[in-house]
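> Next come the chains, spelled out residue by residue.
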Amino acid sequence: MDRKVIFKGRALPMLLLLPQLAVTLVFFIWPAAMAVWQSLLQQDAFGLSTEFVGLDNFAEVVADPAWRGAAANTAVFASSVAVLALGVALFLAVQADKAIRGQRFYRTMLIWPYAVAPAISAVLWLFLFHPSIGLIGRALNAAGVMWDYQLNGNQAMLLVIIASAWKQVSYNFIFFLAGLQGIPKSVLEAAAIDGARPLRRFWTVVFPLLSPTTFFLLVVNLVYAFFDTFGVIHALTRGGPGKATETLIYKVYVDGVDNLNLGSSAAQSVLLMLFVIALTMVQFRFVERRVHY
Amino acid sequence: MATLNLSAVTKSFGASTVLHGIDLNVADGEMIVIVGASGCGKSTLLRIVAGLETPTTGHVAIGGREVTRLEPADRDIAMVFQNYALYPHMTVAQNMAYGLRIRGTPKDEIARRVAETAGLLGIGPLLGRKPRELSGGQRQRVAMGRAIIREPKLFLFDEPLSNLDAKLRVQMRGEIRRLQQRLGVTSLYVTHDQVEAMTLGDRLVVMHQGRAAQVASPMEVWARPADTYVAGFIGSPAMNLLGGTLAEGGAAVQLKAGPLLRFPDGPRAGGDGRPVTVGVRPEHMLRDGEALVTVALDLVEPLGSETVLHGTLASGEVLTARLPGMVPAVGSAMPLAIPAEALHVFDAESGRRLDA
Ligand SMILES: Nc1ncnc2c1ncn2[C@@H]1O[C@H](COP(=O)(O)OP(=O)(O)OP(=O)(O)O)[C@@H](O)[C@H]1O
Ligand SMILES: [Mg+2]
Numbered sequence: 001m002d003r004k005v006i007f008k009g010r011a012l013p014m015l016l017l018l019p020q021l022a023v024t025l026v027f028f029i030w031p032a033a034m035a036v037w038q039s040l041l042q043q044d045a046f047g048l049s050t051e052f053v054g055l056d057n058f059a060e061v062v063a064d065p066a067w068r069g070a071a072a073n074t075a076v077f078a079s080s081v082a083v084l085a086l087g088v089a090l091f092l093a094v095q096a097d098k099a100i101r102g103q104r105f106y107r108t109m110l111i112w113p114y115a116v117a118p119a120i121s122a123v124l125w126l127f128l129f130h131p132s133i134g135l136i137g138r139a140l141n142a143a144g145v146m147w148d149y150q151l152n153g154n155q156a157m158l159l160v161i162i163a164s165a166w167k168q169v170s171y172n173f174i175f176f177l178a179g180l181q182g183i184p185k186s187v188l189e190a191a192a193i194d195g196a197r198p199l200r201r202f203w204t205v206v207f208p209l210l211s212p213t214t215f216f217l218l219v220v221n222l223v224y225a226f227f228d229t230f231g232v233i234h235a236l237t238r239g240g241p242g243k244a245t246e247t248l249i250y251k252v253y254v255d256g257v258d259n260l261n262l263g264s265s266a267a268q269s270v271l272l273m274l275f276v277i278a279l280t281m282v283q284f285r286f287v288e289r290r291v292h293y
Numbered sequence: 001m002a003t004l005n006l007s008a009v010t011k012s013f014g015a016s017t018v019l020h021g022i023d024l025n026v027a028d029g030e031m032i033v034i035v036g037a038s039g040c041g042k043s044t045l046l047r048i049v050a051g052l053e054t055p056t057t058g059h060v061a062i063g064g065r066e067v068t069r070l071e072p073a074d075r076d077i078a079m080v081f082q083n084y085a086l087y088p089h090m091t092v093a094q095n096m097a098y099g100l101r102i103r104g105t106p107k108d109e110i111a112r113r114v115a116e117t118a119g120l121l122g123i124g125p126l127l128g129r130k131p132r133e134l135s136g137g138q139r140q141r142v143a144m145g146r147a148i149i150r151e152p153k154l155f156l157f158d159e160p161l162s163n164l165d166a167k168l169r170v171q172m173r174g175e176i177r178r179l180q181q182r183l184g185v186t187s188l189y190v191t192h193d194q195v196e197a198m199t200l201g202d203r204l205v206v207m208h209q210g211r212a213a214q215v216a217s218p219m220e221v222w223a224r225p226a227d228t229y230v231a232g233f234i235g236s237p238a239m240n241l242l243g244g245t246l247a248e249g250g251a252a253v254q255l256k257a258g259p260l261l262r263f264p265d266g267p268r269a270g271g272d273g274r275p276v277t278v279g280v281r282p283e284h285m286l287r288d289g290e291a292l293v294t295v296a297l298d299l300v301e302p303l304g305s306e307t308v309l310h311g312t313l314a315s316g317e318v319l320t321a322r323l324p325g326m327v328p329a330v331g332s333a334m335p336l337a338i339p340a341e342a343l344h345v346f347d348a349e350s351g352r353r354l355d356a
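Respectively, the protein sequence lines represent chains A and X.
First residue of the first sequence? That's 1 in the working numbering, and the numbers climb one at a time after it.
First residue of the second sequence? That's 1 in the working numbering, and the numbers climb one at a time after it.
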């Protein structure tokens, strides 16, 4: 299929592109460029003078134990969120795919979390897990589990992971379900006749055929966990207790907005940007090479 | 290698009944072809044998063992699908080895059998390729290889050749038959192509609306169709079916189209006036004879060695005739003779065959 819309002249296409270009410029390119510029500058504590310091900010950031701690937190957090969100979504998608009749129900139910604002979803989780007013939190304490995510860093981490993963499940679900429905029924039947039981069939046929989808989603989920979870963390734990749930993106905010250390904050966000660019490039290469059919 | 027995198998999807009680006994090593129009339930029957569907009532036994409720995995069968259903992410070799690997066959034996099967099918050079890198005919062979490598009790084929071009279809048809005879595996083969059915099957099951209209050898089905449906379905061009009534105490038939024909093989039951349908194959029509009918010609198709004529009788019924050689187009009407020896007689109401 090679259908192209041909415009005469250049004015109209330019005009049509303009809004999109303007949005990209104002909201993406310009801030990114500003961040890069900022990351090369240093302000004194009172914001009175600014000097060009080259890559000093980066060296400082990378050497800072607090940043390394946040990086470690982020690694734990992002991989847990991705694995949890993918696992749950895949499980649900497989169930939905089996019960085709329930499909619409699943689809509408599972798209909801995605439409909920991070702060609101965080409040929802707060109501569930708060040690004294939360439904589950109180039940846990009543059952003898010492549950207080405001004091226990691991519990806080667990909570932000669950809350963040929950939001991503619906998105993953849609893709997994589409992927599952793209697998011809006869291929699964052939595997059944070849003697494979359902679980074996899943791991030897379904899962490999879903791998391009899975990889794509893995990258999307990692990017989400890196960037889009600020709202959830801010509303639930504010990076605490201590710095137990302070991820890189949260630290960018804390250093930039609370501590007013713009140079360092900008350097950190540039590092994050580089990371995502790298992830995206890996994804493109991988997807190009690993499509099965 | 095994026998297959179906007894009173029915299948309903919700309110609609697709199979109305199929009985079939297949001998060891026999090749049965299930043929019928689209939607008559052929695939459903095959899938019940495979274990991909459960019959609503009735029983399936393979090799004397009741398997009605067993999973496909427990039936030791192999199936070739119309769209081949190869595993897209596996190479040809892996596709063929999959079933053996599941069964825990030792690695060196798998390698040996893959090589052997690939040799048999002439796909040795393709073993490292993925299905998407194969042509339709090559995929077909791989699907066959995946089926035969396991040495199953039963082969099931669901229209395996219908996605191939005409020439390849003829070639693969021969190959399937040779392989089946060589391996001696009991087989069920579904098709809606009657040439495939006639050439491949030891016996045919002609299905019609969820029932087995006739189960018999191809020649028997052709020579003695059990009812008007089978009569019209097998043979090309289709058998002419003409209305009439019994006469002379059942010893003859009075055609609506005119002539009176006496049965050379004896009288049919039922007295004078019993309505019957008389069948005569186009290739049995004669240019000259006793019982002449006048055909108003609609279409003359000269095929070189023979000519196919399509026309209408005085009774309004259509008639097709296949005559040897060239037939000169002599105006718009011509007389043709119906030979009494070649008649098939069916009850007009039930469509069942009436024998002498
Ligand atoms: N899963 C199902 N649910 C409901 N109806 C079905 C199902 N499978 C088949 N049918 C119906 O059963 C009938 C027989 O289908 P089947 O696939 O056996 O036909 P077939 O003889 O193989 O036809 P074809 O030559 O077109 O493949 C059809 O009317 C079909 O609509
Ligand atoms: Mg079918």
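Take the hints with a grain of salt, since some may be wrong.
What the hints assert, rightly or not - To be clear about the criterion: a stretch of chain X counts as covered by chain A if any three or more of its residues have a C-beta under 8 Å from a C-beta of chain A, and this derived list gives those stretches:
#, region
1, 69-81
2, 84-97
To be verified - Quick partial rundown of chain X residues pointing at chain A, CB under 7 Å, derived from the structure:
#, residue
3, L52
4, I102
5, R203
Think of the hints as simulated: they come from the structure by calculation, not from any bench.
The beta-carbon is built from N, C-alpha and C at its ideal position, and this holds for glycine as well.
> Evaluate each hint against the coordinates.
Right, here's what the structure says about each hint:
no.: 1; hint: 69-81; result: holds (count 7)
no.: 2; hint: 84-97; result: holds (count 5)
no.: 3; hint: L52; result: holds (5 Å)
no.: 4; hint: I102; result: holds (4 Å)
no.: 5; hint: R203; result: violated (24 Å)
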